[in-house]
Amino acid sequence: METAALAWLGAGIGAGIAIVGGGIGIGLVGAGAMHGIARQPQSAATIQTAMLIAAAFIEGIALFALVICFMLYLKA
Amino acid sequence: MTQTPATHEAGGHAEGAFNPGESIMHHIRDSHELEIPFFPEVRIPLPEWHVFGVDLSITKHVVMMWIVSAILLLVFGWVGRRVGSGHVPGRLRSALEVMVVYIRDEVARKAIGPGADRYVGYLLTTFFFILLCNLLGLVPGMSTATGNISVTASLAIVAFLMIQFAGIREYGFFKHFKNLVPSGLPGWLVLPMFGVEFISMFVKPFALCVRLFANMMAGHVVILAFISLIFILGAVAVPVAIFFALFVHLLELLIGTLQAYIFTMLTASFIGMSAHPAH
Numbered sequence: 001m002e003t004a005a006l007a008w009l010g011a012g013i014g015a016g017i018a019i020v021g022g023g024i025g026i027g028l029v030g031a032g033a034m035h036g037i038a039r040q041p042q043s044a045a046t047i048q049t050a051m052l053i054a055a056a057f058i059e060g061i062a063l064f065a066l067v068i069c070f071m072l073y074l075k076a
Numbered sequence: 001m002t003q004t005p006a007t008h009e010a011g012g013h014a015e016g017a018f019n020p021g022e023s024i025m026h027h028i029r030d031s032h033e034l035e036i037p038f039f040p041e042v043r044i045p046l047p048e049w050h051v052f053g054v055d056l057s058i059t060k061h062v063v064m065m066w067i068v069s070a071i072l073l074l075v076f077g078w079v080g081r082r083v084g085s086g087h088v089p090g091r092l093r094s095a096l097e098v099m100v101v102y103i104r105d106e107v108a109r110k111a112i113g114p115g116a117d118r119y120v121g122y123l124l125t126t127f128f129f130i131l132l133c134n135l136l137g138l139v140p141g142m143s144t145a146t147g148n149i150s151v152t153a154s155l156a157i158v159a160f161l162m163i164q165f166a167g168i169r170e171y172g173f174f175k176h177f178k179n180l181v182p183s184g185l186p187g188w189l190v191l192p193m194f195g196v197e198f199i200s201m202f203v204k205p206f207a208l209c210v211r212l213f214a215n216m217m218a219g220h221v222v223i224l225a226f227i228s229l230i231f232i233l234g235a236v237a238v239p240v241a242i243f244f245a246l247f248v249h250l251l252e253l254l255i256g257t258l259q260a261y262i263f264t265m266l267t268a269s270f271i272g273m274s275a276h277p278a279h
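Sequence lines, in order, name chains R and H.
In this text, residue positions in the first sequence follow this note's numbering: the first is 1, and each later residue adds one.
In this text, residue positions in the second sequence follow this note's numbering: the first is 1, and each later residue adds one.
In isolation and in its complexed conformation, chain R is listed as follows (with noise of 0.2 angstroms):
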């Protein structure tokens, strides 16, 4: 397969994998956030700004992974 091509298809596959880690990540995030809300939902917005701070951490490794996969499709 000439190079170009094995470029896109390793730019495309490697985002879909890392999406997929922030995906999960974030709905652990989220998930934990629902279960301290429930308990105890006068700290509701504590736990809220929380979980959007954790959130960006984790899409921000996630879009680390889809810099590089653009690098790779402009490469080709």
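Derived from the structure by calculation, the hints contain no laboratory data.
Hints are not guaranteed to be accurate.
Below, a list of computed lysine-lysine pairs in the DSS-like style, where the Cα atoms sit at most 30 angstroms apart [to be verified]: (1) H:K175 with H:K110; (2) H:K204 with H:K175; (3) R:K75 with H:K204; (4) H:K178 with H:K110; (5) H:K60 with R:K75; (6) H:K178 with H:K204.
Dock chain H against the given chain R, drawing on the hints supplied.
Only chain H this time, still in chain R's reference frame:
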């Protein structure tokens, strides 16, 4: 696989056909010309300036950063002109004061502890600059300066310098590096620990840089990809594409604000860890 003429034009299908990859990159990338919306033929060339092989020309993103700086100077200069004189604050000042006091109390003072007020100016500048750059990129006709890795790298370099400055000011040059390793470690652990902490000193600002850059670039790429669907699939894709592009555009408001806050919070946290190491 044989090399047919079709695979040669794998990037673009035919002469004059729409090339989504190229079109998206054209909007994301920095350029030496300013473009006006609704008048695609009008391109204002910006002055180029190369110094010793380094490209220091005034580009589109530089102009965007100048616009952001001008807005910040005007707005905060106007709002701060009667601080401390007992004058009752108006609406704009009260609105900005909510954010300024939040950054000062919840972010800077909580993360840094004693001596935080010295770094509050820098943290406020970082927060409002990144916030306004991110939000300005969503206005049609403007582009996101923080979607350029050079801009975020510069912000991360300044953060790195502030972190080192905080530690060296508290403890002096050599003790700041000795603080990387907690006391009371078994002897064989000291050298690997120092290596790991030394590398993490550089990795943390690098992560700040890439996180902000990737978030901003990815948001605009997704919006442009949805709009490109219209050109690829024809008129049938218009409602879906517009709906999703609008949804992502609004999500970008939240993400831009969140990323500005996270950059500031992490920088404050690193400054706190450097100036007052818990061990």
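Against which earlier hints does the structure fall short, listed by number upward? none
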